[in-house]
Amino acid sequence: MPATTLSRYADLPALVGLLTGNKKHQAAATTTLDVLWVLYDRVLDISPATATDPARDRFLLSRGHDPAAYYAVLAAKGFIDTAALRSWGEFDSPLGRRPDRTLVPGVEISGGSPGHGLGLGVGTALGLRAQGHGAARVVVLLGDTELDEGSSHEAITAAARLGLSALTAVVIDSRSSPLGRSGKIPDRFAREDWATRSAPGRDHDALHQALTAPHESRPLAVTVRTAARHPR
Amino acid sequence: MTTLTTEAGTIQRMRETFVHTLDRAMNDDPRLALVLAATALGPFARTALTHPNRVVNVGIREQLMITTAAGLALTGLRPVVHAPALVERAFGQLKTDLTHQDAGAVLVSTGASHDTPEQGRTRMAPGDIALLDTLPGWTVHVPGHADEVPRLLAPALTGGDRVYLRLSTRGNAAARPVGQGLVVVRSGSRRAAGTVIAVGPMLDRVLAATRELDVTVAYLATVRPFDRTGLSRIVARAGHADVMIVEPYLRGTSAHEIAEALNGRRHRQLGLGTLRHTEIRGYGAPDDHDRAHGLDTAGLARHARDFFLD
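Heads up: the sequence lines are chains A and B, in that order. Sequential numbering of the first sequence, starting at 1, is according to my numbering. Sequential numbering of the second sequence, starting at 233, is according to my numbering.
Think of the hints as simulated: they come from the structure by calculation, not from any bench. All of these numbers come straight from a predicted model, not from anything done at the bench. There may be inaccurate statements among the hints.
Said to hold, decoys possible - Residues from chain A that face chain B, not an exhaustive set, calculated with beta carbons under 7 Å:
no. : residue
1   : 119
2   : 120
3   : 127
Here a beta-carbon is modelled for each residue, glycine too, at the ideal position from N, C-alpha and C.
One chain only, chain B, in its complex shape (with noise of 0.2 Å):
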């Protein structure tokens, strides 16, 4: 695989995992399903002359998008479906025919916050955990590599759960261990300032945004459920009770987890993400929207002094 880094990150090609990754697997499995709404026809052409009964491609129908892979649920076939911003253009089919119906699904975006922002604000879709958290039951699951895709795919191919999984073009140098909740990256001191937290495509820049600081840091590629037990447990070894955050999506997403999962305790805690009171009307490149919402490693580093040493 060619690696390409810009400065916040590693190209990933985490699209392309997940087709081959789903194609081998519906060749195994005949209760797999795919919707698309008139995208990634081209990467799944194959996967659809093998089974014409089970890949159903909807047109621009981006409601009946989701109240089809419901229906399929129904009759007892999991659904998966794929689409951009998927969460956000069809929310009330969201609540309505996937989790009131108690049906299962595995949803799968790209573009994830700006990972086109040449395309405008109508590709960028940063506030779709924090609308989906507004529904019980569904697993989310942010991939910071592609290698990490096939593992958190596997379980959701074979459940009969809701999931939800962010693929980016944007991510880290290495995959970590994922399926598990947080892993500890890089271990701080007993008298460690605090604990930070990256979420997926976060990593790499919060590892070199706090190379300078006593901190503990965290990877979490599953944020929901929320792996409170496992943030109770780490930062109960940090010198503080002082809990810094960082989200590719909306910023303060997993806040009340996190006060959730520490409420047993006095802590600060700190999130960052994409910004909630603007809209930044740029085009560009993913990075130069990095840098406008404070989340590339100048403005981490930043914002991790600012919290933890003052």
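Bound conformation, chain A alone (with noise of 0.2 Å):
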């Protein structure tokens, strides 16, 4: 895919505002935008070049109800065609409202049901670690109300007793969950024997830190803080 023009952090906006025209610009695309930009320009170990690399790190954006942050910072890393993104939720479009893994290149799963990423997020780690390709990461990006499925629960318990150091999941707190208690996610995490850290959603550096400073043999939870959605 040619190198395309719109490659910057200063540029998503524009690549947003290609998705989403005049319709109205929803929140929960750019809470999540500085952390994808952070992990797919400082963090991960994948581009175009290899997308298909059986040993490259995997993104699995569990939280893929609204993905126009994502779907922008594909833009602008060069896996989706910019032109593309203002066909978003049409027809013929490859780029709906909740992504398909068969139609996009690099979208590892196709997410936006709730309570999924987490556990293959646990599958691709075992698959990759049983090839030999244990040194690369699985970074699961979920929202907090995904949480409260059981499924997610399942995956948070099973995670460190089955020794993925390579799992981290990255939980963007925006305070959702109708029953959920703010603040308690880390201590969840913890419970279960994961290395825990929290940073705020906007700073690159933390995040940037957050996401690699070394840590235990263990899956790691990055919570991060971002403004509530519905504020209690």
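Given two chains presented individually in distinct reference frames, assemble the corresponding complex, making use of the accompanying hints.
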């Protein structure tokens, strides 16, 4: 794919704008924009050239219900043709309101249904380890509401027992869970033997540090604090 | 192999055959992985010791069991998932994590519709194939003899598609050809009253129940994709386009397939299987439940006479 001219962090709002057009700009698009940029720009070893390398790092967008920021970052990094952004949500578009891995190069999972991504990350990390690619990272981005799903609980309670130190859960805490308790997300992972860290959602250096500083040989959960969508 | 015969069939060691076949295959094929949820750990103990990175026991986390298999497949492995009643328990994961991700896997269940009725309803899964039938692209095998299991499993292990293998402790005295759709076991005359399809473990009792009728009896161990071409050809040779199918799971599960196969000709069909309108709240033995569902030899003979002779 040819190098795009819109490839910088400063270009992301314009790319999101191509997606959303005149439609209402949705807050969720930008709550994830910074952490997605840090992941693709500074953390993960993935590029269009290595998109099918069996040993590549994996990014799994579990919180796929508003993927505008994700598509924008993929476009900036050359996975998606910028022109495709304008067709978002149309019948023939590869870009839907929930991503489809079979339609978009670089999209690892078809996400959006809550509670599926972390388990897919567990399986992916197991599969990479079994094939000698244990050094590849598997980063799953979740929303705090997904943690209410029993399937998320199954994955949280199994990952450390399975020794999946290559697995990282990035939890966007927008305090959206109706029965959730703010601030309890790190406790929940720590109790199941994950390493835990937190970072503010707009601070690139803090996000980078949280995602890359060495941690013990166990899975890592990074809670990203964002503006509350439904403050309590 | 010791064989025990009950009123309604021959005891099958399908799971033992599956374990043996998969254990050997995992030694030869580094793509294969096995996902378990706290069952069958004993039978696979040696496999797990030999291949610790490719045998995963997730505990009784049955959603994660399916999702883990999907994740393994996304990295290029060929996962096999083995558990009782695994279609019903985590159906959302079958839809979203395997089918929608276009990830392949081989699912192998035990318990069938009512292999262990003394355990009660929660161990009965008569709706598994009807449920799976709502998802596209699944191959479904229902063997009727333990020796058919390796023949169905071998291509599934080397492939990359989505396969469901439904094991049972019940079945027929002899293995039949599998992997090629409908197999005619007994041919009716040119004026035959119709065709009977016996799925997997139902064959021997269907043969006994229709002994005195002029019908063609065909055996079917792979029910999806359904052999529509084969059925059309068999029906064309019979005197009447009347088809009775006997499935060891929910009655009428394959009715739509038969309708599609025969939509170019006037036909009648009767689907037999476990009852849809009621839950049998009994324990006992599998034969007791076969009788309750009308799937014993006498029940099938009664249905067949009513359908073909009236």
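Inset, instruction - Closer than 7 Å between Cβ atoms is the bar; does residue 119 of chain A clear it against chain B? Give me holds or violated. - result: holds (3 Å)
Inset, instruction - Would you check whether residue 120 of chain A satisfies its interface hint, that is, whether its CB is within less than 7 Å of any CB in chain B? - result: Holds. Min distance 5 Å.
Legend entry - Agreement of hint residue 127 of chain A with chain B interface, Cβ distance less than 7 Å: holds (3 Å)
Every hint from the earlier list agrees with this structure, and none is contradicted.
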